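Undergrad: Sequence:
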Amino acid sequence: MISTNDLQDIIRMLAHAPLLYDDGQHIQVQDYLGGLEIGLTHDIRRAAIELYELGVKACRQFTDVLAYEQLQDVLGLQAELWQEGVLALQDWMNWLKEIGEGRRILPEYDFASILGELPEGYMIHDFHDELQVRLEQDASNAWANEERSRLYTAIGVQEAG
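Heads up: the sequence shown begins at 1 in this note's numbering, then just goes up one per residue.
These are calculated hints, taken from the structure and not from any lab test. All figures in this text were calculated on a predicted structure; none of them were measured in a lab. In this text, a Cβ means the ideal position worked out from N, Cα and C, and glycines have one as well. Incorrect hints may have been included.
[Said to hold, decoys possible] Beta-carbon label-pair distances, calculated as ranges:
#, residue 1, residue 2, range
1, Glu146, Gly102, 22 to 30 Å
2, Ile114, Gln158, 35 to 43 Å
3, Ala139, Gln28, 27 to 35 Å
4, Arg46, Gln8, 14 to 22 Å
5, Ile2, Tyr122, 18 to 26 Å
6, Gln28, Ile114, 33 to 41 Å
Using the sequences and the hints given, assemble the complete structure.
TA: Next comes the structure, spelled out in structure tokens:
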């Protein structure tokens, strides 16, 4: 059985290890394992390697620096959503597998046309934060609810229903 802290460390590296590189061509499972703050038992190590192999395959799909930055941004958002209980680990693994196999693409947005003038480097995680702020101000905001639902679907969140 894995402790919550150990699982959190393993998941943290799923989002952080890709930040070591400018594109997805050089990352290896060892980059993930090397960043862990914990020691792993044999079974947990095997499960972590399986998860990190999905991460490597997903990263390999992104040779373009800007697209890889978008992947890094989405992985950070997914880690946050997992931490909050919004994104199930199995759903995240399925999303990574689909990205790695080229069967799914990253969500695409033209933020300037949606929100107007924005700071340079505005990305999907920023958009999610903006939607959250709008929903905190007005939970019935139809546009923000719809956009968040679309975003969640695009990054692997399975809506409860």
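Undergrad: Next step is simple, just say for each hint if it's right about the structure.
TA: Evaluation of the provided hints:
1. Glu146 x Gly102: 22 to 30 Å: 28 Å, holds
2. Ile114 x Gln158: 35 to 43 Å: Hint violated: Cβ distance 25 Å, outside 35 to 43 Å.
3. Ala139 x Gln28: 27 to 35 Å: 43 Å, violated
4. Arg46 x Gln8: 14 to 22 Å: About 19 Å separates the Cβ atoms of Arg46 and Gln8, which means 14 to 22 Å holds.
5. Ile2 x Tyr122: 18 to 26 Å: 36 Å, violated
6. Gln28 x Ile114: 33 to 41 Å: 37 Å, holds
Of the numbered hints listed earlier, those contradicted by the structure are 2, 3 and 5.
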